[in-house]
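Line by line, the protein sequences are chains A and D.
Residue 16 in this note's numbering is what sits at position 16 of the first sequence, and the numbering runs on without skipping anything.
Residue 99 in this note's numbering is what sits at position 99 of the second sequence, and the numbering runs on without skipping anything.
It cannot be assumed that every hint is accurate.
Said to hold, decoys possible - Quick list of in silico lysine-lysine cross-link-like pairs, DSSO-like style, CA-CA up to 30 Å:
(1) D/K885 x A/K12
(2) D/K966 x D/K885
(3) D/K696 x A/K12
(4) D/K81 x D/K99
For the record, the hints were derived by calculation from the structure and aren't laboratory data.
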Amino acid sequence: MDTSILQVFSRKGGEAIVASSLGDTPGLSCRTTDYTSMPLSPRQWLVTSVNGADCHLKDVLQRDLGNSVYLSEQSHSRIIIRVAGEGARELLQKGCRLDLHESRASSGFCAQTAMAQIGVLIHQVDELPTYDLHIYSGFAQSFWHWLTEMAAPHGYKVIS
Amino acid sequence: MKQSFRVDCEAPGIDRKRKLAFTFDGKRYEGYAGDNLASALLANGVSLMGRSFKYHRPRGLLSMGSEEPNGLVELRDGARKEPNTRSTMVELYDGLVAKSQNRYPSLQFDLLSFNQVLAPFLTAGFYYKTFMWPASFWESVYEKIIRRSAGLGSASVDADPDRYEHSHLHCEVLVIGGGVTGLMAARAAAISGMRVVLLEEQAHFGGSLVLQQERLDGLPASEWIDLQFQSLTSMDNVTVMSRTTLFGYYDGNVLAALERVADHLPEPAAHQPRQRLWTLRAAQVVIASGSHERPMIFANNDKPGVMLNTAVRRLLDRYAVTPGRRLALCTTNDDVYSTARLLRDNDVEVAVILDARPKPSTVAQQAVDSGLPVLFGSVPRKALGGVRVKGLEFSDIDGAGIQTAACDCVAMSGGFSPDVHLSSQTGAAPVWDDRLQAFLPATPIRAERSAGAANGIFDLAGCLASGLDAGAKAALGAGADVPASTYDNDLKMLLPDVDAASSNSFAVCWQCPGKGKSFVDFQNDVTAQDIRLAYQEGYVSVEHAKRYTTLGMATDQGKTANVNGIAILAETRGESIQNVGTTRFRPPYSPVAIAAFAGHERGRDFQPVRRTAMHACHEKLGAVFVEAGQWVRPQYYPREGETVMDATYREAMQVRQSVGLCDVSTLGKIEMFGTDTAEFLNRLYINGWHTLPVGKARYGVMLREDGYVFDDGTTSRIGEHHYFMTTTTANAARVLAHMEYASQVLWPDLDVCFCSATEQWCGVAVAGPESRALLQSLFGSALQVDNEHLPFMGVRETLWQGVRTRVFRISFSGEHAYEINVPWGYGEMLWDRLYEKGQAYKVVPYGTEALGVLRIEKGHVAGNEIDGRTTAADMGLGGMMSKTKPFIGQVMTQREGFLSDDRPTLVGLKLKGAGRLRGGAHLVEDAATATANNSLGWVTSVANSPAAGNWIALGYLRGGLSHKGKIFTAFYPLKDEAVDVEVCHPVFFDPDGERLRG
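Isolated chain A (complex conformation) (with noise of 0.2 Å):
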């Protein structure tokens, strides 16, 4: 499944409206139907699309907030990574300085950060816990050959 990706900010006098949109609380991603938002920095969102809405997310956005915000296309600047599972968690904080326990984060957390030496932003999707991790494309390769190494204590299977 194509995953379309923007980078979306807020232009000079549109920050609340956008904010209202894309949610502005730090650390935690906000969903509609088309996309999930996941705020960066002050006046910076990732927005990705949910379930097949790829295509359409630059006019689903551009529909919503007009002429409040700049788009730009980052739909292959980066590759997701979906990691599920019960030792998701576990699998995670060998290379995650962050607090991820279920007590500290939820789903909906997003945050940027390293590991592995690489620049990861993590978003937590569900309960299960399920972890969407998005890497910068140069990178894909070098993180998976670190994330299936710490993976294999553990046990794990490629669904796709």
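Starting from the known structure of chain A, fit chain D onto it as the hints suggest.
Same frame as chain A, but now just chain D:
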């Protein structure tokens, strides 16, 4: 004679049904599951384990814990060989192989024990005093001798076959140590609901509880420990880790621990890491790491068979091993009496108990009453025997009344030092306590508290209560939300009933009477005499005496040595121990293998590798890759038999003749938006941006705040308020950070925003006279690429094969050239199509080497010229600097030194005659007088140029182009080469830009 020193008691530490075989120095022995290597060796009567560091004295076991200074062995063999491993920390497994170390030819007969005869010359600081001359002997002779005789085991030269992991753990309460104090602390904190982590260094819990003697809540000690363990592990909010040593306490309550995941196995299971390095972040820390018993200082106190009292007791209590048949005990405190009772209960003879205290304590009196042979006011003078103790000479504390007792083992207790290492690591200097004769942790400066023996509480009831209290306070300190009354009640329920507390009184006896080598630091062979000598020679401060004598500087960090050493120094100085003070303890608490620190990051995983979208295409074409920061880029594409020089020459020539393809995806790319973007660029770059129309690109140069050139690249205007910047590969992240700073801090009022798009777009440079034809054949009707539709520095967007594509008519090579960008995922498609269509135009893929040749021919500056010491004017780009607007770095470009005529500026250089040019060569008037002082400049980049038909170079030269036509010498001292070069204009190819614009 199998395990003849194993006694017949119920020892909870071993499983007699499971026999394990192992070898030591090639000889086969047997032990039981649960044994460690030290207990198994002693069970077999092996008391000689190694030779000492300096004097090669025979050594046996001193302790039974992680503080062990003597019993170091080479464990395992082959690639897994591990030198200097503490036998007390090695759990026995079937097939274990260990060797003694620092001996030649054998442990029993060590030639280098001759050093003992030289001992008068090997005193403190001997290596500073001897081996002074002749200087030529330092490396050739002395170092070899010292290396041979000093030192420990040898490491394997093979790569470690095992995996090592890192992991991170957060908690509210971290409890260090799984003895009674730690167990109580963990349970107290756990019932508050906080996240609790309990770490224990050993495989088992219970610390120094005497399993065969103590009862808690009416249960035998080991049953009670099991109950605590089960309660803790049944709770979701508790993580219990054994075989885990906390070795570092850092700022912000960040701590580091080493988990020995598979050290107790012959080799790790499939995918199992050998060790795991934990980084812990804890709101509150409870240090319950216990205490270390101190040796007594008397002559020959290092003889095999002379051990710490707690070691003797632990051997018997846990492992059913007696280290001797007839023991002498000596002490300054009550602790040996429990050992004496245990020995007697197991029918091991107690020859004598020497108690340095003049009068019996309550506990000592009980021992006397039970018939144990105790002498009060008595201390040991000298251990007798060869490679094993045979007797003990003792006397009154003032030296009178010398007697001898026959014995084959001496158990000594010089008091207890609370383990203040971790609290000291936080920066809190330990405080001396006269009553306890020990350093105690200072008032904490971090969110930590020491409890139990680590805080100077040595009785069981006291430790239990102290642990409970510390655990509860830590939980509350971390914000536990529990009603005070119920919490207090719940806590009381946890506290077990134990027998009444014993008294604690300590005699002061730092140095027993009698002559002979009395060891303080066993691992580094430092004697009491050495410390006094250091003082006499002026090393008065504890920090200086430590370094001069090497006291406490071995891998055991002086756990058994420091306090004795400080006390002897204090006595010598005639001052209090508090005044002398301790040295600061530093991580790691105990040795950690480098592999554990490296974790995943070794070999080619040392750092991550960044690959472009077209990596596979280059592999298919047989590219040789080069690292450019984290990126790997094609360096050249060799054909059969070609050297790098051949391939580079061919690729560069082919580009000039037909067309070449180069992967330029690694350039930094930044998408910029906003109504003030042009103004923002105006302030970043030295040149102007307000006039750039949509659909055009412009070359720009950025300065640092100090006026030196920072980076260069092209920025294109894609739309009214949309720009696209490129940076050099090396500076991509730095430029983005620089822009963030400018935008967020300097000019937050500007409407501009930007983000990296380096990996959104990948790019191919298509360069050469046939490039236009190739592009037209690629795009067909999708895009017209003639001069009218796409002039030099023009930018167009189009849909190619349904893919959003950007085409830039820009050139780094000086050729008629384009750069095509497509989204990253279409990189392979773009490259393959270009390569396929390019066959009709004799297309050649070219790497970074040929790219370098082409840009040098064109005189384009790159990283070698923009080296952080050069200005825009130095590069001949001074004219670009706008005089009508301010920009970052502008003010500093007006500095005197920047305006001097004497600055080296960019020139071209042509080789005269045979040979080659080398980057880094100095430009001098005359090779005969070539020195650093005569250097007039240097060569930055060189190329064997097909266009020029010879070696050419760029360089910086004082006076620059005023020397045009003059001959200088390029001198390369590393190879002692000198060649003549002619100064010329730095643009060697197409100076009028006809190729670019044609």
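Here is how each hint holds up against the structure:
{"no.": "1", "hint": "D/K885 x A/K12", "in the structure": "holds (25 Å)"}
{"no.": "2", "hint": "D/K966 x D/K885", "in the structure": "violated (38 Å)"}
{"no.": "3", "hint": "D/K696 x A/K12", "in the structure": "holds (26 Å)"}
{"no.": "4", "hint": "D/K81 x D/K99", "in the structure": "holds (10 Å)"}
Against the hints set out earlier in the document, a violation occurs for number 2 only.
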